[in-house]
Every structure is written in C-alpha cells, then in structure tokens.
Amino acid sequence: MIGGYAGKMLFVNLTDGTLEEQELTDELAENFIGGYGIGAKVLYERMPAGADPLGPDSMIGFVTGPSNGTNAFFGGRYSVVHKSPISGGWNDSNSGGYFGPELKKAGYDAVFVSGISDKPVYLWINDGKAQIKDATHLWGRDTKEIWEDLKLETGEPKLRILAIGRTGENVSLLACPINDGHRAPGRGGSGAIMGSKKLKAIAVRGTGTVPVADPKRIQDLNKRVGATMKASPIGKAFGAMGTGSTTPASALSGDSPVKNWGGVGILDFGIENVQKVGSAEMDKYKTRKYACSRCPLGCGAEYEVNDGKYPVGKTDRPEYETAAAFGSTLLNYDTASILKCNEMCNQYGIDTISAGMTIAWAMECYSEGILTREELDGIDLTWGNGDAIVAILQKMCDGEGCGAILANGSAYAANEWGKGEQFLQTASGIELPMHDPRFAPGLARTYQYDPSPGRHVKGGLGSLQMAGEEKQDKYDYRGTGALDLALTTHTEVLNSMGLCMFGEMVSPPGVHNEYIEALTGMTFNDADQYTTGLRILNMRHAFNVREGIKPSDLTISARAVGKPALTAGPLAGVSIDTDLLARNFFESANWDFETGKPARELLENIGHLEEVIKDLYGA
Amino acid sequence: MIIHYYYFGVPIPSLTHEKQAVEIPSGTTIDQLMKVIGETIEDSASEFLNKASFLVNKMGAKREAVLKDGDEVVILYPIGGG
Ligand code: SF4
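Heads up: the protein sequence lines correspond to chains Z and E, in order.
FYI, my numbering numbers position 16 of the first sequence as 102, with every residue one higher than the one before it.
FYI, my numbering numbers position 32 of the second sequence as 56, with every residue one higher than the one before it.
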C-alpha cells in the first residue's frame, strides 16, 4: 500500500448486522485520493441508482484522506458522503476535529454503512476491531452527553466520537452528526440518514500510526507552512479570533446575506450593530483557543457563558457561517441568542446554516402575513427577535409542533404548508450558505451546479472573488469557464486529501501537491492535480447524472442571484448572468448542458471511470 | 477636505471600526486615500487595502471614485470563512 493510508475500508450492514473489511487498493487511493473522492467512487459502485436516501439500500460513508492521522499540518478533515434526502442527489460534507485522524489510527480509511437496524445501535471501533453495539439506552442523549457516556461504557477516556442528537433520531432532514462535541459535517442531511438507520454514533479509539513515504519531507513542508502562516495577517486573524473575525465586515460588504437575502447590511443591520455578531465582541467569553488535529493555526475557541439570559456555560465560539445564519440573515444582533443557538445546534445535531436560513424564510413569511402566529405555535417571529429565534429553534430541535415541519428545511415547509415558495433561498432545495453570489458571482455557478448544491467550500471562481483576488471584472461573465473549472479541480484534491481550506490560505502556493508526494510516495504535479480533480468532480457529477438529474433540474432562488436586483447598498443593480456562467463551465468541463452527460472522450481521457462510461454510453 | 473612514475586516493594527478622520486634498480618489492610509500600517497588511471593497455614504464605490468633503468611507476586507 502506498503511504498515507491505513489500507482498509469497513463495510457495515445494519439490517443483518454484518461487518466486512475490504482492502483499500493502491489504484483507488492513487486515483481518487480519499475523502469524497474515494467516497464517490465507492457509492457509485455499491449503492443502487434510485435508492431511497432514507431506505435500506442507502449508504453513508465516513471517509478520511491521506493527510489524516499523519504529521501533515492542517490534516484533520474527513468527509461524509451519501445521497441527500433533501436534494435527492449526491452529497458530501466535511468536518475537522479529531474523529477522522482517530479513525485512521484505528486502522480504517473509511467506514460505509448500509441497511437499517431494528433497534438503536452504535459502532465501536477500537484499534482495528469493529463491533455493532446496542444503543437503546443512549437514544435521546445529546451529542456531548453520549461522548461522556461512551467513555465510561468502553473504559476508553480518549475515544473520539461522531453522534447524532435528538434531531437526527427524529430523522429531521436538517440533522447532522457532531464530532468532538462541536465539529459538524453539517450540510445535506447526513444526520437524517444516520437516524433512519438507527445509527446513533460511531465511537473510535486508535493508537496506531499511519505509514507515510517521506516523514522528513513532511516535517520540512510543515516548517515552510508554519513560516508563511506566522507572517500572514489572515493566519493571525483566524488564529486570534477565528472565522468570526470578519463577520462584521462581511455583513457590510454584501458578502453575508442580510434579512433573508433581501436586505442591505449597512442600511438594515447598521454599522453600529455589526460588531455584535463578530468574534471581537463575543470573545469576551473566551477561555481558551483550540485546534483540529495537526493544525498550527487553531481557529476554534471555547467559551464560558455564565451571564445574561442564556447562560449556556461551557460552549464554543460560533463560526462565521453560524453567526451570519443566526445574525445578519435574521437581522439579529442579540449576541446571547446567537451563542445559545450555536450551542443548541451542537447538542441536538442540526446544521446551523440550514437552521438559520429556514428560520429566515419563516420570518419573512410571518412578516408578510403568509404564516400566522398560530401556525408558528404562538411565537412572534419578527425580524431580529432573538428570543423568538431561540424558541423556534428549540421546537425544531425537539421536532415539536411547527418545529417538526421546519426541522426538515424551508423547501419542505413551503411544500407542506403550500405557501411561501417565493421567499425560499435555496439551491435544489438546500438552504444557501452565507456568502452572497451578488458579492462573488462565481458562487452562483457553484451553488447551483456543483454536484453537492449550495456549498461555499467547493472552490471555483467564487473563491477567488471572495478573496478579492480576481483579475477580471467579477461582473464580466465572458470566458469564465476554464478558470472556474481549474479552481474547482484544485479544491477537489485539497478536500479529498483531508486538508483544511484555511490552511491553504496561509500556505505557500502549491504546497499540497508536495504533501501528497511526501505522504504517498507518488509523483504529483499540477497536471496530476488537474486530472485527479477532474476525475473526482466527474465521479460526483456522474452519480447525479445516473440518478436522472439534468442541469435544468438544478435550481437556485432568483433573489440570491439578483433577480430582481437590490436597489440600494453595495450590491445595488447586480444581477448575475447565471446562464452564461453555467454554460461557460459546462463547455470547459465538456458536459452537455441539456443532458448533463460528460463527453465519452473526456471520461476516457481522465481514466479510471469505466463504470461511468458503461452506464452512460453502454459497454 | 476632511474624509471620515472606518475599517472592517481582517484585523490590522491601527485600523479600527471606530470612525477616523483624515485631511486630504480635494479631488483625491479612494485609491489615493488607500495609499495615504497604507503608509501608516505594516507592509504585509497594506496588501489588503489593494483587495478591499468600499462603501461611500452607504453605497458601493470603485477605487477610481473621487471623494468629496465630508464623505464617509467604509473600507471592507472580509475573508470568506466557514
Ligand atoms: S484552521 Fe480551524 S478548521 Fe482549519 S484545521 Fe485549523 S482549527 Fe480546524
């Protein structure tokens, strides 16, 4: 086996209670790297097309990358892969912390779970030995409580855990598992899948080492990364104040959506209020900073909140996405309520972005008289009402009353109630994240057409525009395809390796290709990165094509792309030519814009996609 | 003429979200204002001023925009984080 891998994958069937180990081949590792790259390949092969995401044929994978469990800096992220019960298509989401590296050290590169258990269970993986264990007594425990329960039950105080809370047990579509008590592969409904399978948790203890090809080179690379990080103001900002360091700036610049994407930060939220949603204000509660495995930066922080109306005690600093979703999007600058919502989402296991955005949708419906106070169980859900936000979120977490509907997301609620569709801000049914395409128009293409819709971590042109590093006028949509595609393929590899994107912001350019070489021992240059990224992208895309999803089925809400355009503020008049952006991308990717099919010669040239060619073009 | 400015974004020593005033010649553009401010901060941070976006009197403005007496400029350099 090449370096950087444990060499084994675990397949668990919860219907019949079987566990099967399979070798991770060099071919799979070299060509699909890890994370959602390997995840897409395995699910494509092993999960039948058309499977009900919440049914027994549905498969969910927890997949590490070659950097996880090694000494490589920023190598703490693993991917969760499955078919989304919200969009009905491919879904990947990734998370940091220590769970992924621990799984690798326990001897597994990936765990794939199918079937449905007849009673609650958890998976206990202890240094190469995996067991399905009864979790009946753990059903109802939150994601932090169960961590403590299982430390006692297994006698392993150092175990790491990924678990669903009550929202996942209720099979609410916005549910997600939480690992390490506060890190979430949040998007797309993975918690609902776990809940449908009655899989309460995966607990892992690993004390092994992951073999790498060139440990000395990894150390040297780490030194280089450490040096550039120290000199980088972004490194200093994230290291000191986390991703929330620039939340106020985003609320003013138009980067963050405001008032369910219909408002203007400087007018509706106000320059005097924006600081209340950022870390500069919230860090008065900071007791210590923390980091994911092998991260020299450490953008996380523990808080202790013992004052005010929501004394949640020990909690975590809200990430940018969370602070924006429960802040500017709701016109809410009640800091205490944002901290409370963040803690509830972690305990109950619910995606902060989709939860905040679903409440934003309900708020706008309420303010426009479309939803009544009775329908919202008596809650006065007016803009900026922090207490009402907490109350409605509590109902979503518990799955009670209107919360049982809202916990499935805004698109589900609009359909269930038969109204409010005009206020949805979604991509293929999944709530949009907290970076506005009208500020970084490349995001319009990514949100609508990435195989995992509505993601801000998929690279592409939007990532360049968010950083202010675009060379071309960002509102000139001509000829964007090649750069958009190249930047996307780059991120495909980075994510599949298990590296953190923030690490890349503070590292020397191109260093992650060198990490792949040092970890695995294979040569890996820019051309290899491009081809490998293309392969992973096409594998994820082919999953959707095989499901019968065509480009015209992929939607994005009109308001989010400036139709109609805002009339005031920094984004006034911006209306994105989404069609041209998409056509440019599809042309460069060699994907048919009517059927979505990747060209046969493209797939042949990329290689290692034989089953896709067979499915789409016959033998 | 007197211009007021605020800065919101990646923390830069000596730039703050509190309102500050600067006296500059009439006809100064935002780009020229950034050069004036850039001289007061460390080199590695001044690159952010090259990538920043701006509001003038609550509306979006380009670097080439000519400022006038009493304008309020908000300098913004957020980084996309998750
Ligand atoms: S920068 Fe933050 S999210 Fe990324 S690895 Fe470090 S602590 Fe984790």
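None of these hints come from the bench; they were simulated from the model.
Be aware that one or more of the hints could be misleading.
As the list claims (entries may be wrong) - Listed next, the in silico DSSO-like pairs over lysine-lysine satisfying Cα-Cα at most 30 Å (straight line):
{"hint": "1", "chain 1": "Z", "residue 1": "K237", "chain 2": "Z", "residue 2": "K372"}
{"hint": "2", "chain 1": "E", "residue 1": "K43", "chain 2": "Z", "residue 2": "K219"}
{"hint": "3", "chain 1": "Z", "residue 1": "K372", "chain 2": "E", "residue 2": "K43"}
{"hint": "4", "chain 1": "Z", "residue 1": "K237", "chain 2": "Z", "residue 2": "K316"}
{"hint": "5", "chain 1": "E", "residue 1": "K59", "chain 2": "E", "residue 2": "K43"}
{"hint": "6", "chain 1": "Z", "residue 1": "K557", "chain 2": "Z", "residue 2": "K505"}
{"hint": "7", "chain 1": "Z", "residue 1": "K700", "chain 2": "Z", "residue 2": "K683"}
{"hint": "8", "chain 1": "Z", "residue 1": "K205", "chain 2": "Z", "residue 2": "K370"}
{"hint": "9", "chain 1": "Z", "residue 1": "K205", "chain 2": "Z", "residue 2": "K237"}
{"hint": "10", "chain 1": "Z", "residue 1": "K244", "chain 2": "E", "residue 2": "K75"}
{"hint": "11", "chain 1": "Z", "residue 1": "K316", "chain 2": "E", "residue 2": "K75"}
{"hint": "12", "chain 1": "E", "residue 1": "K59", "chain 2": "Z", "residue 2": "K375"}
{"hint": "13", "chain 1": "Z", "residue 1": "K370", "chain 2": "Z", "residue 2": "K395"}
{"hint": "14", "chain 1": "Z", "residue 1": "K400", "chain 2": "Z", "residue 2": "K370"}
{"hint": "15", "chain 1": "E", "residue 1": "K59", "chain 2": "Z", "residue 2": "K649"}
{"hint": "16", "chain 1": "Z", "residue 1": "K683", "chain 2": "Z", "residue 2": "K560"}
{"hint": "17", "chain 1": "Z", "residue 1": "K649", "chain 2": "E", "residue 2": "K86"}
{"hint": "18", "chain 1": "E", "residue 1": "K82", "chain 2": "Z", "residue 2": "K649"}
{"hint": "19", "chain 1": "E", "residue 1": "K82", "chain 2": "Z", "residue 2": "K362"}
{"hint": "20", "chain 1": "Z", "residue 1": "K557", "chain 2": "E", "residue 2": "K59"}
Against the structure, the hints:
1. With a CA separation close to 26 Å, the supplied pair Z/K237 and Z/K372 stays within the 30 Å bound.
2. Annotation: proposed proximity of E/K43 to Z/K219 is violated, straight-line Cα distance about 60 Å (limit 30 Å).
3. Between the alpha carbons of Z/K372 and E/K43 the distance comes to roughly 27 Å, so the proposed pair stays at or under 30 Å and holds.
4. Restraint check: the Cα-Cα separation between Z/K237 and Z/K316 comes to about 36 Å, which exceeds 30 Å; the hinted pair is violated.
5. With a C-alpha separation of about 18 Å, the suggested pair E/K59 and E/K43 falls inside the 30 Å cut-off, and the hint holds.
6. At roughly 43 Å between alpha-carbon atoms, Z/K557 and Z/K505 are farther apart than 30 Å, so this suggested pair is violated.
7. For the hint linking Z/K700 to Z/K683, the alpha-carbon distance of about 12 Å falls within 30 Å, and the restraint holds.
8. About 44 Å separates the Cα atoms of Z/K205 and Z/K370, which puts this hinted pair outside 30 Å; it is violated.
9. This hinted pair checks out: Z/K205 and Z/K237 have alpha carbons roughly 21 Å apart, not beyond 30 Å.
10. In summary, the hint linking Z/K244 to E/K75 is not supported, as the alpha carbons are separated by about 44 Å, beyond the 30 Å threshold.
11. About 20 Å separates the Cα atoms of Z/K316 and E/K75, which keeps this hinted pair within 30 Å; it holds.
12. Proposed proximity of E/K59 and Z/K375 is contradicted: the alpha carbons are some 35 Å apart, above 30 Å.
13. A distance of roughly 16 Å separates the Cα atoms of Z/K370 and Z/K395; the hinted pair therefore holds under the 30 Å criterion.
14. Distance check on the hinted pair: Z/K400 and Z/K370 sit about 13 Å apart at the alpha-carbon level, within 30 Å; holds.
15. Only pairs whose Cα atoms come within 30 Å are accepted, and E/K59 paired with Z/K649 is rejected, the gap being roughly 36 Å.
16. A distance of roughly 28 Å separates the Cα atoms of Z/K683 and Z/K560; the hinted pair therefore holds under the 30 Å criterion.
17. Of the pairs offered as hints, the one joining Z/K649 and E/K86 holds, with about 23 Å between alpha carbons and a cut-off of 30 Å not exceeded.
18. Annotation: proposed proximity of E/K82 to Z/K649 holds, straight-line Cα distance about 22 Å (limit 30 Å).
19. For the hint linking E/K82 to Z/K362, the alpha-carbon distance of about 19 Å falls within 30 Å, and the restraint holds.
20. Under the criterion of a C-alpha separation no larger than 30 Å, the hint pairing Z/K557 with E/K59 is consistent with the structure, at around 20 Å.
Checked against the numbered hints given earlier, this structure breaks hints 2, 4, 6, 8, 10, 12 and 15; the rest are met.
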